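The residues making up each chain are set out below.
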Amino acid sequence: MPKIEVKNITGKVLKDLSLSVGDREILALVGPNGAGKTTLLNVIAGLTDYSGEVLFDGVNMDHVPPHRRGVGYLFQDLALFPHMNVAANIAYGLKIRKYAPAVISERVDELMDALHIAKLRDRFPYNLSGGEKQRVAIARAIAPFQKILLLDEPTANLDAQTAKYFRSELSVFLRRLEITTVFVIHDLLGAEEMADRIAIMHQGSIEQVAAPGDILFRPRTRVVSEFIGMPNILNCDECTVLSTGLVEVRSGSMRLVLPYEGTAMSKLAISPHDIYISDSKPPGPALNRYTGTITEIIPLRTVVRVKVLVDGNELLAELSRETFDEMKLTAGSNVHLIVKLRRLRYFEV
Amino acid sequence: MNFKKLSISVSFAVFALYGALILSLFYYYDGAVFLETLRSSRTLFSIRLSLFTATVSTIIAVIVAIPSAYALSRFRFFGRQLIDTMLELPMIVSPVALGAVVLVFFNTPTGTFIQDHGIRFIFTVYGIFLAQFITTVGIAIRLIKAAMDEIPVRYEEVARTLGASPARAFMTVTLPLCKRGIIASSILTWAKALGEFGATITIAGSMAMKTETIPVAIFMRLASADIEGTVVLVLMLIGIGLGILYGVRLLTGRAVPV
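Residue numbers (my numbering), protein chains in the order written: chain A, 1 to 349; chain B, 350 to 607.
Incorrect hints may appear among the rest.
[Unchecked claim] Restraint-style ranges between C-beta atoms, simulated for each label pair:
id: 1; chain 1: B; residue 1: Val453; chain 2: A; residue 2: Ser51; range: 44 to 54 Å
id: 2; chain 1: B; residue 1: Gly596; chain 2: A; residue 2: Gln161; range: 25 to 35 Å
id: 3; chain 1: A; residue 1: Ser51; chain 2: B; residue 2: Arg517; range: 24 to 34 Å
id: 4; chain 1: A; residue 1: Thr48; chain 2: B; residue 2: Glu499; range: 19 to 29 Å
id: 5; chain 1: B; residue 1: Pro501; chain 2: A; residue 2: Gly52; range: 27 to 37 Å
id: 6; chain 1: B; residue 1: Arg529; chain 2: A; residue 2: Gly58; range: 42 to 52 Å
id: 7; chain 1: A; residue 1: Pro259; chain 2: B; residue 2: Phe352; range: 36 to 46 Å
id: 8; chain 1: A; residue 1: Gln161; chain 2: B; residue 2: Pro501; range: 22 to 32 Å
These are computed hints drawn from the structure, not numbers from a lab. Owing to the predicted nature of the structure, the values given are computational and were not obtained by experimental measurement. All C-beta atoms, glycine included, are put in the ideal place defined by N, C-alpha and C.
Same shape as in the complex, but just chain A (with noise of 0.2 Å):
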């Protein structure tokens, strides 16, 4: 499978934008919207006008079209051809590339069953739900023997339930194949999920790449911080797993209880909007919950950003403007604060 380059793109939103793929890497796209995720993507595929220069190892493609770069693309709608059935669409590339009948009858077996539609084979796409509609149109993108694989918000169009167990077995699934992979996402948990490394776009340009772990301890610009929306980073000091696939997390003398993936970390992530303030003691377990004061307060357009002193640590909480005013909040009150749990993000760095 091959290395993309992309380099000095122009066109559309990009602007003069560089980028490198590993051979066999998944790279998320990360941005808010208008950044020029899907633009990269379909300059990868030689569907827009740019300038500049796209390279598959080494190999100039400029200059060749679509139908000749070898590129499967999922896009966000999935456009599942609606006058074929799920076995016609995965076979549809490789009729076209000219395949043997028994080749294409194996490959579109072997999918069917890797991505657990076989059931589905008679079906037309009006017939299939979101999530089988997902599953068929990844099958058909790599169907024809594609080197690359670029997918647009690949699980856009599930639940978030659904979304989390996809992206997980989307991810093995990709690696088993051992195909360079770009797809663009719009949540960096999502991103961070899937991919072997993150590109955090803003207004056509990219501002960081890097693995999961650094871009969300170490962010390079003031726009990835503003992206990842400034986590509080916490060294772990201690941890301790507890029988109940939990694990307790010190940091200084603040004790937090977070879900055990089975890894070991060094640093915890704790996104401001994910730690709620009130004024008054909060009922319910005193899990994850902690009292603090506040020590600097930074009012933004529709948030307002409050510093607060806890056991040590000194963490970001971001709460709405409304929400503020009603508490009447001033520096130096103290405060009790919420740390959502499933929200928390560990590393090994």
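Following the hints, complete the assembly by docking chain B onto the known chain A.
Structure of chain B alone, referenced to chain A:
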């Protein structure tokens, strides 16, 4: 009366208008004249000529219309608006005027050269093809373009990433997806060609057993005050037209959701 009932009533009123007009024909209907007119070699020739010329000119118009409609639907190019506006010509200029334009053309040196060294269109069957083609091709392009506009470009992009050339993507994806639209457009084009009169009589004339299509035959009967004969031919034209339209509509009724 609610809106639903009102709109249904209006559609029935239109149906009643046409129905009443058709029924009024039976006031002058005479069974013996009907059979006699139907069996006459002149009428049978007109029917055969009309069906043949309408079918051939529809095939030519659709063959020309498919690539033109695709270009207008998918690409932005210099002169696109101009072409699009020109397609309205058969709708805004009466067929007689279009026929007159053709006659004038064939009286220019270029037209005379074509007549003398190529195909003779004036007062021949080729003139009927030409008359029907120029009055229907613009409409055929418009209708087929509307059908193609309904098919997202995305399907072709997918096909291209799967290895299909632009032509192959068109043939294997876009064309099958707008098949119903093309068939419907062809039927309407054919119906318009079958009923074409103004341009036909101007270019091809009204020679019995040579260039007399059904609409021209109706005009000739009417001009000679043969009301019963006119009624018979009108009923035939209506019967052939509606019968074929309804039959094809039944055959192509299955929908493919896009």
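- [ ] Would you list, in rising numerical order, the hints stated earlier that this structure does not obey?
- [x] 2, 7
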